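Here the protein sequences line up with chains F and V, keeping their order. When we follow this note's numbering, the leftmost residue of the first sequence carries the number 1, and every step to the right adds one. When we follow this note's numbering, the leftmost residue of the second sequence carries the number 1, and every step to the right adds one.
Hints are computed from structural coordinates only; laboratory data are not their basis. Check each hint, because a few of them may be wrong.
Said to hold, decoys possible - With a Cα cut of at most 27 Å, we get these calculated DSSO-like pairs of lysine-lysine:
hint: 1; chain 1: F; residue 1: Lys357; chain 2: F; residue 2: Lys423
hint: 2; chain 1: F; residue 1: Lys131; chain 2: V; residue 2: Lys191
hint: 3; chain 1: V; residue 1: Lys18; chain 2: F; residue 2: Lys83
hint: 4; chain 1: V; residue 1: Lys18; chain 2: F; residue 2: Lys66
hint: 5; chain 1: V; residue 1: Lys132; chain 2: F; residue 2: Lys83
hint: 6; chain 1: V; residue 1: Lys191; chain 2: F; residue 2: Lys432
hint: 7; chain 1: F; residue 1: Lys328; chain 2: F; residue 2: Lys229
hint: 8; chain 1: V; residue 1: Lys40; chain 2: F; residue 2: Lys421
hint: 9; chain 1: V; residue 1: Lys191; chain 2: F; residue 2: Lys436
hint: 10; chain 1: V; residue 1: Lys40; chain 2: F; residue 2: Lys357
hint: 11; chain 1: F; residue 1: Lys229; chain 2: F; residue 2: Lys275
hint: 12; chain 1: F; residue 1: Lys327; chain 2: F; residue 2: Lys131
hint: 13; chain 1: F; residue 1: Lys418; chain 2: V; residue 2: Lys18
hint: 14; chain 1: F; residue 1: Lys423; chain 2: F; residue 2: Lys328
hint: 15; chain 1: V; residue 1: Lys19; chain 2: F; residue 2: Lys83
hint: 16; chain 1: F; residue 1: Lys131; chain 2: V; residue 2: Lys40
hint: 17; chain 1: F; residue 1: Lys131; chain 2: V; residue 2: Lys18
hint: 18; chain 1: V; residue 1: Lys185; chain 2: F; residue 2: Lys436
hint: 19; chain 1: F; residue 1: Lys288; chain 2: F; residue 2: Lys432
hint: 20; chain 1: F; residue 1: Lys423; chain 2: V; residue 2: Lys19
hint: 21; chain 1: F; residue 1: Lys83; chain 2: V; residue 2: Lys191
hint: 22; chain 1: F; residue 1: Lys231; chain 2: F; residue 2: Lys343
hint: 23; chain 1: F; residue 1: Lys436; chain 2: F; residue 2: Lys423
hint: 24; chain 1: F; residue 1: Lys328; chain 2: F; residue 2: Lys343
hint: 25; chain 1: F; residue 1: Lys66; chain 2: V; residue 2: Lys19
hint: 26; chain 1: F; residue 1: Lys83; chain 2: V; residue 2: Lys185
Remember, it's a predicted structure, so these values are computed and weren't measured experimentally.
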Amino acid sequence: MGWLLPFDNLLCMALGISFTVWFTSLLVFIIVPAILGVSFGIRKLYMNSLLKIFEWATLRMERGAKEKNQHLYKPYSNGIIAKEMSTLEQEIQELRSSSTTLSSEPEFEMADIMSFCRRGVESIVDDEVTKRFSAEELESWNLLTRSNYNFRHISLRLSVLWGLGLLIRYSFLLPLRITLAATGIGLLVVLTTIVGFLPSGRYKIHMMCYRICVRALTAIITYHNSENKPKNGGICVANHTTPIDVIILANDGCYSMVGQVHGGLIGVVQRAMVKSSPHIWFERSEVKDRHLVAKMLSNHVADKTNHPILIFPEGTCINNTSVMMFKKGSFEIGCTVYPVAIKYDPRFGDAFWNSGKFGMVSYLLRMMSSWAIVCSVWYLPPVNREEGEDAVQFANRVKAAIARQGGLVDLLWDGGLKRGKVKDTFREEQQKLYSKVLVGDQEDQAEDRPLEFSTLRGVVLVKTIS
Amino acid sequence: MGSRASTLLREEEIEEIKKETGFSHSQITRLYSRFTSLDKGENGTLSREDFQRIPELAINPLGDRIINAFFPEGLDREDQVNFRGFMRTLAHFRPIEDNEKNKDPTASEPLNSRTNKLLFAFRLYDLDRDDKISRDELLQVLRMMVGVNISDEQLGSIADRTIQEADQNGDNSISFNEFIKVLEKVDVEQKMSIRFLH
Numbered sequence: 001m002g003w004l005l006p007f008d009n010l011l012c013m014a015l016g017i018s019f020t021v022w023f024t025s026l027l028v029f030i031i032v033p034a035i036l037g038v039s040f041g042i043r044k045l046y047m048n049s050l051l052k053i054f055e056w057a058t059l060r061m062e063r064g065a066k067e068k069n070q071h072l073y074k075p076y077s078n079g080i081i082a083k084e085m086s087t088l089e090q091e092i093q094e095l096r097s098s099s100t101t102l103s104s105e106p107e108f109e110m111a112d113i114m115s116f117c118r119r120g121v122e123s124i125v126d127d128e129v130t131k132r133f134s135a136e137e138l139e140s141w142n143l144l145t146r147s148n149y150n151f152r153h154i155s156l157r158l159s160v161l162w163g164l165g166l167l168i169r170y171s172f173l174l175p176l177r178i179t180l181a182a183t184g185i186g187l188l189v190v191l192t193t194i195v196g197f198l199p200s201g202r203y204k205i206h207m208m209c210y211r212i213c214v215r216a217l218t219a220i221i222t223y224h225n226s227e228n229k230p231k232n233g234g235i236c237v238a239n240h241t242t243p244i245d246v247i248i249l250a251n252d253g254c255y256s257m258v259g260q261v262h263g264g265l266i267g268v269v270q271r272a273m274v275k276s277s278p279h280i281w282f283e284r285s286e287v288k289d290r291h292l293v294a295k296m297l298s299n300h301v302a303d304k305t306n307h308p309i310l311i312f313p314e315g316t317c318i319n320n321t322s323v324m325m326f327k328k329g330s331f332e333i334g335c336t337v338y339p340v341a342i343k344y345d346p347r348f349g350d351a352f353w354n355s356g357k358f359g360m361v362s363y364l365l366r367m368m369s370s371w372a373i374v375c376s377v378w379y380l381p382p383v384n385r386e387e388g389e390d391a392v393q394f395a396n397r398v399k400a401a402i403a404r405q406g407g408l409v410d411l412l413w414d415g416g417l418k419r420g421k422v423k424d425t426f427r428e429e430q431q432k433l434y435s436k437v438l439v440g441d442q443e444d445q446a447e448d449r450p451l452e453f454s455t456l457r458g459v460v461l462v463k464t465i466s
Numbered sequence: 001m002g003s004r005a006s007t008l009l010r011e012e013e014i015e016e017i018k019k020e021t022g023f024s025h026s027q028i029t030r031l032y033s034r035f036t037s038l039d040k041g042e043n044g045t046l047s048r049e050d051f052q053r054i055p056e057l058a059i060n061p062l063g064d065r066i067i068n069a070f071f072p073e074g075l076d077r078e079d080q081v082n083f084r085g086f087m088r089t090l091a092h093f094r095p096i097e098d099n100e101k102n103k104d105p106t107a108s109e110p111l112n113s114r115t116n117k118l119l120f121a122f123r124l125y126d127l128d129r130d131d132k133i134s135r136d137e138l139l140q141v142l143r144m145m146v147g148v149n150i151s152d153e154q155l156g157s158i159a160d161r162t163i164q165e166a167d168q169n170g171d172n173s174i175s176f177n178e179f180i181k182v183l184e185k186v187d188v189e190q191k192m193s194i195r196f197l198h
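Throw the hints in and build the complete structure from the sequences for me.
Right, here's the structure in full:
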């Protein structure tokens, strides 16, 4: 086996050299610029070339499908059905006004059931809520099988390209990114611990580590309207798509986080973060106590040297096509609110975390093996609660502004519907509305009847509706 | 998510569904994608829970009756509906096209004919599937639609009046033919049709 030895040595030397070269270039091209906040523009170049390749791939697929005379599945981005814009009550009233009898008896038509029925079936075919909890479907293909429904062998060139893409992503990009992420988190923990021993003061360690993490994900972020960046003593609210939102925002400013205390690696990171600047971490039991939460938040914003608090009022991850109900808790505190809209470009990799389908680790692996994470962040002008506006109206106003800026659909539905059932009160509201159509509103009845009739009606109505 | 959509639905199946229901190829693939996204158990069938997960359907006062229409077999809790059954029920809501009226008269009636649409609505009232709407059944359905907002007496009088107007053979219940007669002036085609996009 002696003849193996020199070969062995050579192998070791080769491995050693390549590793050193690789790590040095990593340091020079990625880590150091990250720490200094400098960019070479490599990522923008990467993004533009990828876009060109995707366009070519989509055209090729469409051409291939036409040649073979197959149908190409197009996602229903324009909707499966066209819905009526009128409300149920309006529809049923139309039926009533066609009849000429002016009876004061409740008017019921057997055909009423048809309106309920059609609306029910329409919601079975296409509803506004359930599709927000799974990843958005794309028009063009981005060479990832995870977002493709048509991948059959259309052409050799396309398959080769896909295979090449797979190779690059899993054997080059993924290890690179994992190394960077490990470096970033490791540095965060080590440095914040060191800082904990130093005399008190704020050090911008976070920003550096977040920058490394951003490069670990190849996140290409465009910040708009930086003059509106959140200032100390305020609350920053944003729409929530993924835990990566935190990294994206913290890359550009210092925030205090709010959240539950976790165990494991996340717990370690949480404890480390607290050492260099205050964050608000709750025990699981404390989360239920809304007054306690509100008190801790108010105390934090009262101290003007504290960083702004970062809160995601939706309470859960939504798939970045819409903004769902904002929980009013953060809007009751009474300080300035800085809205931020985050919109991801799904062509490079869908960032939405479907927590029912993927755990945190497999989600991060998916993120690190997609092409890139491209997003836009808009800082909206700060808002305060106006006179006579309650917390819910304020929350809705902010939500509408964020939705408008990000090009997202503004929904009133609760993000909690991802896991929970809808409350019975909504169904009861629908029943009440229909009852009004049947027996008429109290006011309607009183207006066009002579006085003695109205009192009689009034008594009957009070008995039935109360 | 839908990534298995076109691979699990074979061309022959699509053709069969096309013949039976009249939906186009692209409509069938899109509806299959919707079917799979509702199928949380990923076993190719939908249960009642899968339907109840849709919030807009859950707040519909007649939501349960509509869900029931997808399960023709019985009122068993364990019922599952597959994609064929799903499409067959949805086919009732296809708009009636003019050229279909002149088709082969010996062919069986299409699922979205006026009569079949009326039958669908009739079955929403007919709780025990005995092909008659009794006063009791009408009351129960009315109660579902209005909740607690109308008294028993008023609801009872509404039911009585409705049956009185519709009943022709004096058996104090509404048969399917009597139902058709009552609704002959109603634009059923428009009320019970959904505009599917291509």
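Comparing the hints with the structure gives:
Annotation: proposed proximity of Lys357 (chain F) to Lys423 (chain F) holds, straight-line Cα distance about 25 Å (limit 27 Å). About 26 Å separates the Cα atoms of Lys131 (chain F) and Lys191 (chain V), which keeps this hinted pair within 27 Å; it holds. Taken as a hint, the Lys18 (chain V) and Lys83 (chain F) pair is honoured in the structure, with Cα atoms around 23 Å apart against an allowance of 27 Å. Annotation: proposed proximity of Lys18 (chain V) to Lys66 (chain F) holds, straight-line Cα distance about 21 Å (limit 27 Å).
For the hint pairing Lys132 (chain V) with Lys83 (chain F), the CA-to-CA distance comes to about 32 Å; that exceeds 27 Å, so the pair is violated. Between the alpha carbons of Lys191 (chain V) and Lys432 (chain F) the distance comes to roughly 22 Å, so the proposed pair stays at or under 27 Å and holds. With a CA separation close to 22 Å, the supplied pair Lys328 (chain F) and Lys229 (chain F) stays within the 27 Å bound. At most 27 Å may separate the alpha-carbon atoms for a hinted pair to count; Lys40 (chain V) and Lys421 (chain F) meet this at roughly 15 Å.
This hinted pair checks out: Lys191 (chain V) and Lys436 (chain F) have alpha carbons roughly 21 Å apart, not beyond 27 Å. Only pairs whose Cα atoms come within 27 Å are accepted, and Lys40 (chain V) paired with Lys357 (chain F) is accepted, the gap being roughly 10 Å. Proposed proximity of Lys229 (chain F) and Lys275 (chain F) is supported: the alpha carbons are some 24 Å apart, at most 27 Å. This hinted pair checks out: Lys327 (chain F) and Lys131 (chain F) have alpha carbons roughly 21 Å apart, not beyond 27 Å.
Between the alpha carbons of Lys418 (chain F) and Lys18 (chain V) the distance comes to roughly 33 Å, so the proposed pair goes past 27 Å and is violated. For the given pair, Lys423 (chain F) sits about 17 Å from Lys328 (chain F) by alpha-carbon distance, which is consistent with the 27 Å threshold. For a cut-off of 27 Å, the pair hint linking Lys19 (chain V) to Lys83 (chain F) stands: about 26 Å separates their Cα positions. The hinted pair formed by Lys131 (chain F) and Lys40 (chain V) meets the criterion: a straight-line CA distance of about 13 Å does not exceed 27 Å.
Distance restraint check for Lys131 (chain F) and Lys18 (chain V): the Cα-Cα separation of roughly 26 Å lies within the 27 Å cut-off, and the hinted pair is therefore satisfied. With a C-alpha separation of about 24 Å, the suggested pairing of Lys185 (chain V) with Lys436 (chain F) holds against the 27 Å cut-off. For the proposed pair Lys288 (chain F) and Lys432 (chain F), the alpha carbon gap of about 32 Å is over 27 Å, so the pair is violated. For the hint pairing Lys423 (chain F) with Lys19 (chain V), the CA-to-CA distance comes to about 41 Å; that exceeds 27 Å, so the pair is violated.
Among the hinted pairs, Lys83 (chain F) with Lys191 (chain V) is consistent with the structure: their alpha-carbon atoms are about 12 Å apart, no more than 27 Å. A hinted pair counts as satisfied when its Cα atoms are at most 27 Å apart, and Lys231 (chain F) with Lys343 (chain F) qualifies at roughly 22 Å. This hinted pair checks out: Lys436 (chain F) and Lys423 (chain F) have alpha carbons roughly 21 Å apart, not beyond 27 Å. A hinted pair counts as satisfied when its Cα atoms are at most 27 Å apart, and Lys328 (chain F) with Lys343 (chain F) qualifies at roughly 23 Å.
A threshold of 27 Å between alpha carbons decides the hint, and for Lys66 (chain F) with Lys19 (chain V) the separation of about 24 Å falls inside it, so the pair holds. Note on Lys83 (chain F) and Lys185 (chain V): the hinted pairing holds, with a Cα-Cα distance of about 24 Å set against a maximum of 27 Å.
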